[in-house]
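Trainee: The residues making up each chain are set out below.
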Amino acid sequence: MKRLVLPSLAVLMVGAVFVSLCLGKYGVPLEDILAFAGWKFFGLSGLTEESRSLLTNVLLEIRLPRILAALLIGASLAVSGAAFQALFINPLVSPGLLGVLAGAAFGAALGMMMAKNWLIVQCSTLMFGFAAVGVAVGIARLFRSYTIVMLVLGGIISGAFFTALLSIAKYVADPTNQLPAIVYWLMGNLSAADHGTIMTVGTPMLLGILLLICNGGRLNVMSMGEEEASALGVNVGQVRMTVVFLATLISALTVVIGGIIGWVGLIIPHICRMLVGPDNRLLLPAAALLGGTYLLVVDNVCRLLFSFEIPTGIVTSLIGIPFFVLVLNNVHRGWR
Amino acid sequence: MSALMQALAVSFAYRGRKVLHEISLDFRKGEVVSLLGPNGSGKTTLLKILLGLLVPQSGFVHFEDRLLQGYPRNELAKRIAYVPQVHREAFAYTVEEVVLMGRMPYHGFFSTSSGQDREIARMAMAKLGILHLHDRPYTEISGGERQLTLIARALTQGADVFIMDEPVNGLDYGNQMRLLNDINGLASDGLTFIMTTHFPDHALLTADRVVLLKEGTVLADGAPATVMTTEMLQTLYRVEVEVVSLPGRSGSVRVCVPSWAM
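One line per chain: the protein sequences are A and B, in this order. Here this note's numbering is used: position 254 in the first sequence is 320, and no number is missing along the way. Here this note's numbering is used: position 119 in the second sequence is 273, and no number is missing along the way.
Derived from the structure by calculation, the hints contain no laboratory data. From a predicted model like this one, the values you see are computed outputs, not experimental measurements. The hints are all genuine.
Reference excerpt, derived from the structure (chain A facing chain B, CB under 8 angstroms, subset only):
id, residue
1, Asn-156
2, Pro-157
3, Gly-282
4, Arg-284
5, Asn-286
6, Ser-289
7, Glu-293
8, Ala-297
9, Leu-298
10, Val-300
11, Asn-301
12, Pro-344
13, Asp-345
In silico SDA-like pairs for lysine to any residue, Cα to Cα no more than 20 angstroms straight-line:
id, chain 1, residue 1, chain 2, residue 2
14, A, Lys-68, B, Arg-290
15, B, Lys-202, A, Ile-214
16, A, Lys-68, B, Arg-272
17, A, Lys-68, B, Asp-289
18, A, Lys-68, B, Asp-271
19, A, Lys-68, B, Thr-266
20, A, Lys-68, B, Phe-264
21, A, Lys-68, B, Ser-267
22, B, Lys-202, A, Thr-213
23, B, Lys-202, A, Gly-303
24, B, Lys-202, A, Asn-301
25, B, Lys-232, A, Gly-291
26, A, Lys-68, B, Gly-269
27, A, Lys-68, B, Ser-268
All C-beta atoms, glycine included, are put in the ideal place defined by N, C-alpha and C.
Can you make the complete structure from the sequences, with help from the hints?
Mentor: In structure tokens:
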């Protein structure tokens, strides 16, 4: 049974991608997409010159970047959430535990205030995401007790600090242009995902996701506690730093593409644990596939349900919170 | 016979609070060594030093004539296994998944379990009589079964030294006795056990050798017959107890009884 889950999730993801390519203000039938793919990849001639350029524009320039953005953000949040849950031995932990999302949010706001250039905003987002985690780790180091509890406390302090900085940024931001832009960005939405952004951040995100998945076996052992992990031959400090670095990188990059998108990192690992069990070697790839598919579906709803777009982050929260209440009972069974 | 493991003048302090004072001990292959001592006598700290989890501030630990710190972490894990006190897990791994974690030091970058790993894990579970539990969640089995799972994991590690922190802690009486018997059985296969216990009777039942720790120093070290005397236990625990002999089927059995119950 468990062996079938990963292939099924992969098929589901591919299916969701095709459906998403079809759906939109300008409807594209599936046979046109297949004909377009045939022309693009095999040089088949099934379309007129006119519809080729139209489909190139609609599919490759507009829809595909957004689809890839949804897949990458959903997968990154779900995988870093699952990895943090194993690392911190707590299934209620989310990717923002060490303050990366608070830091990245502040970085984005600061960038929007200081610069017109979008690239600078993105760099600032990434940089402050890392800075916030750096502060959390620094606080843990300060007390020379480099334990999980100190890391978590460091993360809470760092997250609170950067949330306060974000409030300052909002307060001093120009209320006619900058403030609405910041607020809208922090609601989380994928409409800004363009070709160029995906090309630059796609590779590091995919690499981060894959490397985290490779650490699944070590994360299993880490979730037994650091002394046991160490006695089982794992270099605890090294694995912890690697996982925190990779999770920080991909989580910060989700903010770079789409602002703050909540709850994916918490609910997707839970659903996947019900499907494949807690073994992180299976759980992490399952979370990547389902997380990507989930965000893609939610994003479709956000862009199609009404004549205007709803910020995706709002919908993930609206779905995530009641779902989380429903699964709490299930969590309790395995977590005491 | 030369020592398998050797602690030489080991001292350790937590933030200036000294816990161990120049402890020197030898451990030989196939021995069952019980560490006895009151709370705070440094038993657990000593175990962590022998596992290489803590590094002594002065003194050395040798494993097969090499410094313990000289071994890479995963090489050490193939020789020395840690069986912690029974704990509940956050995640509902199956018994088999927990036992398979013992193959971690043999895994490569992707940590995939081979058919051989599974075979080794199955043999360990069969040896401890928990094979029928293999697909049960570790969180839903009894304390005794969990302790057996952790021992099976140590066997799966391929280790020849088992370091156990109060292995019977939290188990009911029947499971305590079964576990001690299992340990005796595994020791007769040539495995070395170093374990802490709060029960002098358990040391009398299983140990080849007893080390009494008091305030971070070795009070006595030797065979149970010579070390576990009424006077020694009274000094160690500061309580009125007596060690008495009972007639057994093959020689006498010694037990520890509080004086007020005699």
